[in-house]
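What follows is each chain in one-letter form.
There are 2 protein chains.
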Amino acid sequence: MIKEVSIRKYISQETRETVDWVAEERPLTIALNGVEIVTLLCSPSHLDELAVGYVLGEGLVPRGAELEIRLDEERGIVDISTGSANLVNLQAWGKRYVTSGCGKGTSFYQLNDIRQQESVSILMKVKMKEILSSMTMLQKHSQVFLKTGGVHSAALQIPDHFIFREDVGRHNAVDKLFGYYTLNKLNAPEKILYLSGRISSEIIIKARRMGVPVIVSRSAPTSLAIQLAEEVGITLVGFTRGTKANVYSHYTRIE
Amino acid sequence: MIKEVSIRKYISQETRETVDWVAEERPLTIALNGVEIVTLLCSPSHLDELAVGYVLGEGLVPRGAELEIRLDEERGIVDISTGSANLVNLQAWGKRYVTSGCGKGTSFYQLNDIRQQESVSILMKVKMKEILSSMTMLQKHSQVFLKTGGVHSAALQIPDHFIFREDVGRHNAVDKLFGYYTLNKLNAPEKILYLSGRISSEIIIKARRMGVPVIVSRSAPTSLAIQLAEEVGITLVGFTRGTKANVYSHYTRIE
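Heads up: the sequence lines are chains A and B, in that order.
Last residue of the first sequence: 255 in our numbering, with the numbers rising by one and none dropped.
Last residue of the second sequence: 255 in our numbering, with the numbers rising by one and none dropped.
Read the hints as simulated data drawn from the structure, not as lab findings.
All of these numbers come straight from a predicted model, not from anything done at the bench.
One thing to keep in mind: the hints can contain errors.
The list makes no distinction among identical chains, and a pair is therefore deemed to hold if it is satisfied within one copy or across any two copies.
What the hints assert, rightly or not - SDA-like, lysine to any residue: derived pairs with alpha carbons at most 25 Å apart:
1) 244 / 81
2) 3 / 197
3) 244 / 27
4) 140 / 59
5) 147 / 158
6) 244 / 21
7) 9 / 123
8) 127 / 65
9) 127 / 63
10) 127 / 113
11) 125 / 15
12) 140 / 158
13) 125 / 12
14) 147 / 126
15) 147 / 219
16) 3 / 18
17) 147 / 2
18) 140 / 76
19) 127 / 162
20) 147 / 84
21) 244 / 2
22) 244 / 87
23) 129 / 44
24) 147 / 26
25) 125 / 231
26) 129 / 115
27) 127 / 163
28) 147 / 159
29) 3 / 186
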C-alpha cells in the first residue's frame, strides 16, 4: 500500500533530491455475475472485502445473499457471483445512476431508498470514555497514514473484534470493513464504526445499510449527514479528539 | 454554506448542550440539454460554476462550447444548454460509467482518455516563495473551514486573479474554480491550482482537461496522481506547509 518515489524537497530555501513514501492508488474493477459495474480507485489491500462491501453498501446485492468471489489481483479485477440473477438490483442502480454522483455524489434515489427503510433501533449503550480510547487506538494503528499522510483510516468495533482498515478513499475503508464483516459471517447488532475522515451523507447511507447504530469520527459531519443520521436512528459523534467529542444525534446511546 | 445545529458536547467528562456550526451539504442535479446526468452533493454556493466546471472537467462538453445556464436554486437543479446536441459526449460518458467510480472512482477509460491527449507544455516558472505564501493565503481565506472543519478549499491563481472556493467535496471546489474561469471567459495559460486536500488521480484528470501546469496541495498525493502528473506534464507540489514543500514531478517550473 506504500510506494517509494523520488522527490525534490524544499526546506527554508534549501533544496535537496531525496526519496519519500506515498500511498499507492490503483484501479479495481468489480464485476457482478460477469457484468462489469464499476472501477474504483483504491489502496491495493483486502480487495475481496472492498468488492463485497461495495456491492452491499450500494444496495446492489441484499445482505445475506450467498456470494462467490474470484479475485484476479494482478489484473485488478474481482468478480462476484450471487448464484441467482434475481439477487442483483442493477436496475435500481441504473436508475440511480442517472442522477447519481459519479465521482462524489449520491442521488435522491439513494436518499429516498434509505429514508423508506426502518430506522436503526438497537438500544446499545457505549461509554464516552471507551469511544475516546478507541479513537486513540485508531490513530496509533494508522501506519500507512503515519508514513504517507495519504490515506483515511476506519475501524469496526464489535464484541471481541476491533478491525482496522486504511484506504486512499474514505468510502473504500468503510466498504472494506463491511466486506470483512460479511465474508466472516459475523453477526453483531452492537457495531461502532470509527473514522478518521469527515462524515458526509453517503457514509450514513452505507452505515444504515449495514445496520450500524453508532458512528464516531475524528472530523466534522455535514448538515445532511446529521439530518439523515437523526432520521434513520444513528448516533453520530464527531470531532473526537483527546478528551473531547460532539454528539450530533440520538444522544441516548452515549453514557 | 453554514448551518447551526444542536449538539451535546463532551469535554473532560463534563457534558453540556450547546449549538455548533456545521458545513451545509445539499444535492444539486445537473441536466445537459434537458437530460438529467448527475446529482452532486455539495456546498450550496456558486452552483452555476459547479455545474459548468463539472461537465467540462468530466469531458462531457468540450472547452470553448457556448453554454447557456438556467439555475433553479430552490429546487437544486441546473440545466446547461449547448445549443447543438453534437457538443455533448454523453455516449463516451455512458461507456465510462459502466466501469466508472461512482461515489469515488475514475475509470480506465478516463485514465486512457487523458493519457492520449498531448501533455501540458506551458513553460511557466513560479518561485517556491510565492507558492508558500499563496498557500498561507488559502488557509487564511478558509472561513467556512475555520468555522466548521467540514469543507475543502481550493484556489486558482492566474495573472490578476486569486479565486477562492470552498466545498464539502474535494472535487467540487475544483469544479467551481473551472466554472468561474469558463463563465468569465478568462484565458490564462499560466494557471496554478491550490488545494487544501489530498491529490488523487481524479484531480490530475480534471486539471489536465483545464490545462493547468502547476498543482499545489497542503496534503499528500497518491502514487497514481504522481505517475499521471509525470505523464501529462503537470508539476505536482505536495505537503506545502510553512517553509516546506515536496515537488513530485516536472521540477523545472519551480524556481
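Here is how each hint holds up against the structure:
1. For the identical chains of this complex, residue 244 and residue 81 are neighbours neither inside a copy (45 Å) nor across copies (49 Å), given an alpha-carbon limit of 25 Å.
2. Proximity of residue 3 and residue 197 under a CA criterion of 25 Å is satisfied in both settings, with 22 Å inside one chain copy and 20 Å between copies.
3. Taking the closest pair of Cα atoms, residue 244 and residue 27 never come within 25 Å of each other, the shortest separation being 37 Å inside a single copy and 31 Å across copies.
4. Taking identical chains as interchangeable, the C-alpha atoms of residue 140 and residue 59 are never at most 25 Å apart, the minima being 32 Å within one chain and 41 Å between chains.
5. Taking the closest pair of Cα atoms, residue 147 and residue 158 never come within 25 Å of each other, the shortest separation being 28 Å inside a single copy and 34 Å across copies.
6. With identical chains, the CA atoms of residue 244 and residue 21 are at most 25 Å apart between copies only, with a shortest distance of 16 Å across copies and 32 Å within one.
7. In this assembly of identical chains, the alpha carbons of residue 9 and residue 123 lie at most 25 Å apart only when taken from different copies (21 Å versus 52 Å within one copy).
8. Neither within a single protomer nor between protomers do residue 127 and residue 65 lie at most 25 Å apart by alpha-carbon distance, with minima of 34 Å and 57 Å respectively.
9. Proximity of residue 127 and residue 63 under a CA criterion of 25 Å is satisfied in neither setting, with 29 Å inside one chain copy and 55 Å between copies.
10. In the homo-oligomer, the alpha carbons of residue 127 and residue 113 never lie at most 25 Å apart, since the shortest distance is 32 Å inside one protomer and 51 Å across protomers.
11. Taking the closest pair of Cα atoms, residue 125 and residue 15 come within 25 Å of each other only across two copies (16 Å); inside a single copy the shortest separation is 54 Å, beyond that limit.
12. Taking the shortest alpha-carbon separations for residue 140 and residue 158, only the intra-copy value of 19 Å comes in at or below 25 Å, while the best inter-copy value is 41 Å.
13. Within a single copy, residue 125 and residue 12 get their C-alpha atoms only as close as 51 Å, which misses the 25 Å cut-off; across copies the closest is 19 Å, which meets it.
14. Taking CA atoms no more than 25 Å apart as the test, residue 147 paired with residue 126 passes in neither setting, with 32 Å inside one copy and 29 Å between copies.
15. Taking CA atoms no more than 25 Å apart as the test, residue 147 paired with residue 219 passes in both settings, with 20 Å inside one copy and 13 Å between copies.
16. In this assembly of identical chains, residue 3 and residue 18 lie within 25 Å of each other by CA distance solely inside one copy; the values are 14 Å within and 45 Å between copies.
17. Taking the shortest alpha-carbon separations for residue 147 and residue 2, only the intra-copy value of 8 Å comes in at or below 25 Å, while the best inter-copy value is 34 Å.
18. In this assembly of identical chains, the alpha carbons of residue 140 and residue 76 never lie at most 25 Å apart, being 30 Å within a copy and 42 Å across copies at closest.
19. Taking the shortest alpha-carbon separations for residue 127 and residue 162, only the intra-copy value of 16 Å comes in at or below 25 Å, while the best inter-copy value is 47 Å.
20. Neither within a single protomer nor between protomers do residue 147 and residue 84 lie at most 25 Å apart by alpha-carbon distance, with minima of 44 Å and 50 Å respectively.
21. With identical chains, the CA atoms of residue 244 and residue 2 are at most 25 Å apart between copies only, with a shortest distance of 22 Å across copies and 32 Å within one.
22. Taking the shortest Cα distances, residue 244 and residue 87 never come within 25 Å of each other, neither inside one copy (44 Å) nor across copies (53 Å).
23. Proximity of residue 129 to residue 44 under the C-alpha cut-off of 25 Å is found in neither arrangement, the shortest distances being 34 Å within a copy and 36 Å between copies.
24. Only within a single protomer do residue 147 and residue 26 lie at most 25 Å apart by alpha-carbon distance; the minimum there is 18 Å, versus 35 Å between protomers.
25. For a Cα distance limit of 25 Å, the shortest separation of residue 125 from residue 231 inside one copy, 19 Å, qualifies, whereas the shortest one across copies, 52 Å, does not.
26. Neither within a single protomer nor between protomers do residue 129 and residue 115 lie at most 25 Å apart by alpha-carbon distance, with minima of 31 Å and 51 Å respectively.
27. For the identical chains of this complex, residue 127 and residue 163 are intra-copy neighbours only, at 19 Å inside a copy versus 45 Å across copies, given an alpha-carbon limit of 25 Å.
28. Proximity of residue 147 to residue 159 under the C-alpha cut-off of 25 Å is found in neither arrangement, the shortest distances being 30 Å within a copy and 37 Å between copies.
29. Within a single copy, residue 3 and residue 186 get their C-alpha atoms no closer than 33 Å, and across copies no closer than 38 Å, so neither meets the 25 Å cut-off.
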